[in-house]
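Given the structure of chain Z, go ahead and fit chain F onto it with the hints provided.
In order, the protein sequence lines correspond to chains Z and F.
Here the first sequence stands for residues 4 to 247, numbered as in my numbering.
Here the second sequence stands for residues 4 to 247, numbered as in my numbering.
If you're looking for bench data, these hints aren't it; they were derived computationally from the structure.
Please read these numbers as outputs of a predicted model, since none were measured by experiment.
Among the hints, erroneous ones may be present.
Note: identical chains are not told apart, hence a pair may lie in one copy or across any two.
[As the list claims (entries may be wrong)] Only pairs whose alpha carbons sit at most 25 Å apart, straight line, appear in this in silico SDA-like list of lysine to any residue:
#: 1; residue 1: LYS34; residue 2: ALA160
#: 2; residue 1: LYS34; residue 2: ALA61
#: 3; residue 1: LYS34; residue 2: ASP99
#: 4; residue 1: LYS89; residue 2: SER204
#: 5; residue 1: LYS103; residue 2: ALA215
#: 6; residue 1: LYS34; residue 2: THR179
#: 7; residue 1: LYS103; residue 2: MET116
#: 8; residue 1: LYS103; residue 2: PRO209
2 protein chains.
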Amino acid sequence: MANPTAAMLVIGDEILSGRTRDANMYHLAGKLTEVGINLTEVRVVSDDEPAIVAAVRALSGNYDQVFTSGGIGPTHDDITADCIAKAMGANIGVRDDALKILQAHYDRQGIEMNEARLRMARIPDGAQLIDNPVSAAPGFSLGNVHVMAGVPAIFEAMVAGLLPTLTGGQPLISETVRIDRAEGEIAEFLNILVAEYPDLSFGSYPFRFDGAFGTNVVVRGTERDQIERAAERLRSQQGKPNSD
Amino acid sequence: MANPTAAMLVIGDEILSGRTRDANMYHLAGKLTEVGINLTEVRVVSDDEPAIVAAVRALSGNYDQVFTSGGIGPTHDDITADCIAKAMGANIGVRDDALKILQAHYDRQGIEMNEARLRMARIPDGAQLIDNPVSAAPGFSLGNVHVMAGVPAIFEAMVAGLLPTLTGGQPLISETVRIDRAEGEIAEFLNILVAEYPDLSFGSYPFRFDGAFGTNVVVRGTERDQIERAAERLRSQQGKPNSD
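Just chain Z, with the same shape it has in the complex (with noise of 0.2 Å):
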């Protein structure tokens, strides 16, 4: 069976400014690739709700899960969690559960609730809630959206929570194999293999190196064996002038 695909969308005006980094793409990538379901499809959009919601709709439709960062605070421009709720046609209010664990948190430090903090415990009916360990403000699952914070500290946090829920595949596997050649030098060896090995994934990544060229070939898939022999083969160009 082909594993779970899934997609990711990106909310927030200081990404698309050079502002901030995103640098929750690249964890989520990574972790996603650990249980098995292959990210397909990233985009990035601003704080503006039609431009959210017509991506939810789009990514929720093609991709088995979708995960969301960003827009879930109490300001102004935190609008995510409605755009969810429109996209999706669910209800949203002020939830109990929510609004019960806010509670407890300001309560523990002493700060009063108001009600930028309050827009925090707005969760669409029907969805299930993500623990925040971080900060208490949850986020939320409804049906196959994944809604969580943009703070990298808070993401990664509800990520860990969220990832032993869902159903994985088979991890992909890689294995990289540096050679001492230029890309151009190795590129139709390489397209042997691809012919070879239909089950497996090959990319190359040339590199430059005290004014030398090399190639880093990833060779992916989720058999070991496979991966194994494949770079065995790899490994037998290693040797070969760098100009034939």
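Same frame as chain Z, but now just chain F:
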């Protein structure tokens, strides 16, 4: 007049599998902001023809400019040029101008041209070449789609050459005001400013430092005076107690 809009398409399995951390999005976002082009959407897709073609068509139709990174090297997984040609309905083949550039580069280095390297001279009919001062193999612009390499040093050099040829808008100016109060404390005041300054955008980014909560508010717009006035109002919130 509104600023031109732009989208970016990052192409590559290595980003989606978590093997490589994309750096080009952050770089391009900053550069576009400097020249007044609004990066409005980013998509990341794998080295997969239907995915690339669909994304190029959607983005090229929706935005003034589209920038792609990745997939223009010599190996089997470098399919971007052919996909762009297909998406835009152009013919593609080895083009003399691109071949001349590559041949001169390899001649200088005493490297032989081969079939794999010849692939990098495949350029759609009607496209303008984008200069590659790092490793010669050119990018290209076809219609409103600008196709560049994925290796960050090459991508950045191509962007540096390309951007002065595009028409920008009014550069977006931003000012960050650090307020040592929790996001939930200043949200209400922020709402007032948002209503007062419809031409400005306000982003709110919570942080935690030495156990205390704080918020960076980023004010963005094109009129420096207006931004300064709004920032001054924000700074007036600094002195207030952290729970009122």
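For this session: Classify it for me, LYS34 with ALA160: is the Cα-Cα distance of at most 25 Å met within a copy, between copies, both or neither?
Result: This pair counts as within: shortest intra-copy Cα distance 12 Å, inter-copy 32 Å.
Problem set entry | Homo-oligomer pair classification [ALA215, LYS103; C-alpha up to 25 Å] | between (61 Å within a copy, 23 Å between copies)
Exercise. Under a CA distance limit of 25 Å, which applies to LYS89 and SER204: within one copy, between copies, both, or neither?
Worked result: between (38 Å within a copy, 23 Å between copies)
For this session: Tell me, please, which holds for LYS34 and THR179 at an alpha-carbon limit of 25 Å: within, between, both or neither?
Result: So LYS34 and THR179 pass the 25 Å test inside one copy only (18 Å; across, 33 Å).
Exercise. From the Cα coordinates, with 25 Å as the cut-off, is the pair LYS103 and PRO209 best called within, between, both, or neither?
Worked result: For LYS103 and PRO209, the Cα distance is within 25 Å only across copies (22 Å; inside one copy 53 Å).
For this session: Indicate which option fits the pair LYS103, MET116 if close means a Cα-Cα distance not exceeding 25 Å: within, between, both or neither.
Result: Result: close within a single copy only, 11 Å intra versus 68 Å inter.
Exercise. Are the CA atoms of LYS34 and ALA61 at most 25 Å apart within a copy, between copies, both, or neither?
Worked result: within (23 Å within a copy, 29 Å between copies)
For this session: First find the shortest C-alpha distance between LYS34 and ASP99 inside one copy, then the shortest across copies, and answer within, between, both or neither for a cut-off of 25 Å.
Result: neither (32 Å within a copy, 45 Å between copies)
Checked against the numbered hints listed earlier, the structure breaks hint 3 alone; every other hint is satisfied.
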